[in-house]
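For this one, chain S is given, so just place chain D on it according to the hints.
If you're matching them up, the sequences are chains S and D in order. So in my numbering, spot 73 of the first sequence is number 73, and the numbers just go up one at a time. So in my numbering, spot 97 of the second sequence is number 97, and the numbers just go up one at a time.
Incorrect hints may have been included.
In silico negatives: residues of chain S with every beta carbon more than 10 Å from chain D [claimed, not checked]: (1) Ile16; (2) Val128; (3) Val157.
For the chain S half of the interface with chain D, some residues (derived, Cβ under 8 Å), not all of them [unchecked claim]: (4) Glu5; (5) Glu14; (6) Ser18; (7) Leu102; (8) Arg129.
With the Cβ distance kept under 7 Å, some of the chain D side facing chain S (calculated, not the full set) [to be verified]: (9) Ala29; (10) Tyr42; (11) Leu72; (12) Leu87.
What the hints contain is simulated information worked out from the structure, not anything from laboratory work. We treat Cβ as the ideally placed atom computed from N, Cα and C, and that holds for glycine.
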Amino acid sequence: MTTTEPFAPEIRLEAIESLLLEKGLLDLDRVEQRLEMITTELGPMNGARAVARAWVDPDYRSRLLEDGTAAVRELGIDGPQVEMLVVVENTPEVHNVVVCTLCSCYPWAVLGLPPAWYKSPEYRARVVREPRAVLADFGTEVAPDVEVRVWDSSAEVRYLVLPERPAGTGSRSESELAALVNRDSMIGVRRAGQVDD
Amino acid sequence: MTDLPVEGPAAPPRVNGEVVFEAPWQRRAFGIAVDLCEQGAYEWRSFQQALIGRVAEAERGDHPFDYWQCWLNALGDVVEQTGLVALDELDQRSVSLAARPAGHDHEHGHPHR
Numbered sequence: 001m002t003t004t005e006p007f008a009p010e011i012r013l014e015a016i017e018s019l020l021l022e023k024g025l026l027d028l029d030r031v032e033q034r035l036e037m038i039t040t041e042l043g044p045m046n047g048a049r050a051v052a053r054a055w056v057d058p059d060y061r062s063r064l065l066e067d068g069t070a071a072v073r074e075l076g077i078d079g080p081q082v083e084m085l086v087v088v089e090n091t092p093e094v095h096n097v098v099v100c101t102l103c104s105c106y107p108w109a110v111l112g113l114p115p116a117w118y119k120s121p122e123y124r125a126r127v128v129r130e131p132r133a134v135l136a137d138f139g140t141e142v143a144p145d146v147e148v149r150v151w152d153s154s155a156e157v158r159y160l161v162l163p164e165r166p167a168g169t170g171s172r173s174e175s176e177l178a179a180l181v182n183r184d185s186m187i188g189v190r191r192a193g194q195v196d197d
Numbered sequence: 001m002t003d004l005p006v007e008g009p010a011a012p013p014r015v016n017g018e019v020v021f022e023a024p025w026q027r028r029a030f031g032i033a034v035d036l037c038e039q040g041a042y043e044w045r046s047f048q049q050a051l052i053g054r055v056a057e058a059e060r061g062d063h064p065f066d067y068w069q070c071w072l073n074a075l076g077d078v079v080e081q082t083g084l085v086a087l088d089e090l091d092q093r094s095v096s097l098a099a100r101p102a103g104h105d106h107e108h109g110h111p112h113r
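Next up, chain S with everything else stripped away, as it sits in the complex (with noise of 0.2 Å):
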């Protein structure tokens, strides 16, 4: 099917969509309210404020890495594909890097939705393959003697890096630590604090 697509993806999903909605099984109304809060609402913003939090309270971060989805419940922080959040932390021994090798499973709640290099086929190989490579490509230096961990989303589980917090910052207020937390850094490819391109 998908190498010779008998009709255009617009009619296909028109398609499903009249029939749905002939038989009173989609609102669209309700499609729209639904997308507007994925899109706007839920995104990286979300994660950095679970990982600033665990930066500066021990406590916290003890209970993010116990269990991630009830540790960012507590900070108000709850919606879709984050009911298995697995938490792992980056150290100076430690690289953790995320990857969904079979589709995109991501966690949505504290992430947003992947970016496109999330779901390609190159990084959902090679990651797994030769994953200092994949992070060297982003900037992203490991040293020999720091092991590379990739997590592999499966059908439940949704991982967020925690990653380390960036030196020179100890006189920083929570919501500034929060701003030197990207996307990137969560999944694995780049480290907090890093400048994006």
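Chain D only, in chain S's frame:
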């Protein structure tokens, strides 16, 4: 890593400075798949399995990988598997919609975004 090529209409919604949807149908296909699940029509796991199957199929092919086409095909699979829509009525509707004359009006009950 570089991003996949960005094609399609201009000014799509962006999240974190990156294109999420490159065409309106992609956004609607996403929203409908999520909404049907939230309404209890199927478990997310069922959609996920359909998507995994379509992604694997696409990667075996020799055409450029089109993620949202996989998503749309998975949506078709899951509404058919759950009995919401039969495959033959979906195909018949697709045929009749495709056969509309060029310039047909776009009044079909939803705004284009």
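Hint check results:
Non-interface call for isoleucine 16 of chain S relative to chain D: violated, since the shortest CB-CB distance, roughly 6 Å, does not exceed 10 Å. Separation of valine 128 of chain S from chain D is adequate, the least Cβ-Cβ distance of about 14 Å exceeding the 10 Å criterion. Its beta-carbon lying about 12 Å from the closest one in chain D, valine 157 of chain S satisfies the requirement of being farther than 10 Å from that chain. Because the smallest distance between the Cβ of glutamate 5 of chain S and any Cβ of chain D comes to about 7 Å, under 8 Å, the interface hint for this residue holds.
Residue-level restraint check for glutamate 14 of chain S holds (minimum Cβ-Cβ distance to chain D is 5 Å; threshold 8 Å). With 8 Å as the threshold, the beta carbon of serine 18 of chain S comes within range of chain D, its nearest partner Cβ sitting at about 6 Å, so the hint holds. Checking leucine 102 of chain S against chain D: minimum C-beta separation of about 4 Å stays under 8 Å; hint holds. Restraint check, arginine 129 of chain S versus chain D: the minimum CB separation of about 13 Å is more than 8 Å; hint violated.
Hint status for alanine 29 of chain D relative to chain S: holds, with the closest Cβ pair at about 5 Å, below 7 Å. The interface hint given for tyrosine 42 of chain D is violated, since its Cβ lies 11 Å from the closest Cβ of chain S, which is over the 7 Å cut-off. With a cut of 7 Å, the hint placing leucine 72 of chain D at the interface with chain S holds, because the nearest CB-to-CB distance is about 5 Å. At about 11 Å, the closest approach between the beta carbon of leucine 87 of chain D and any beta carbon in chain S exceeds 7 Å, and the interface hint on this residue is violated.
Of the numbered hints given earlier, the model fails hints 1, 8, 10, 12; all others are met.
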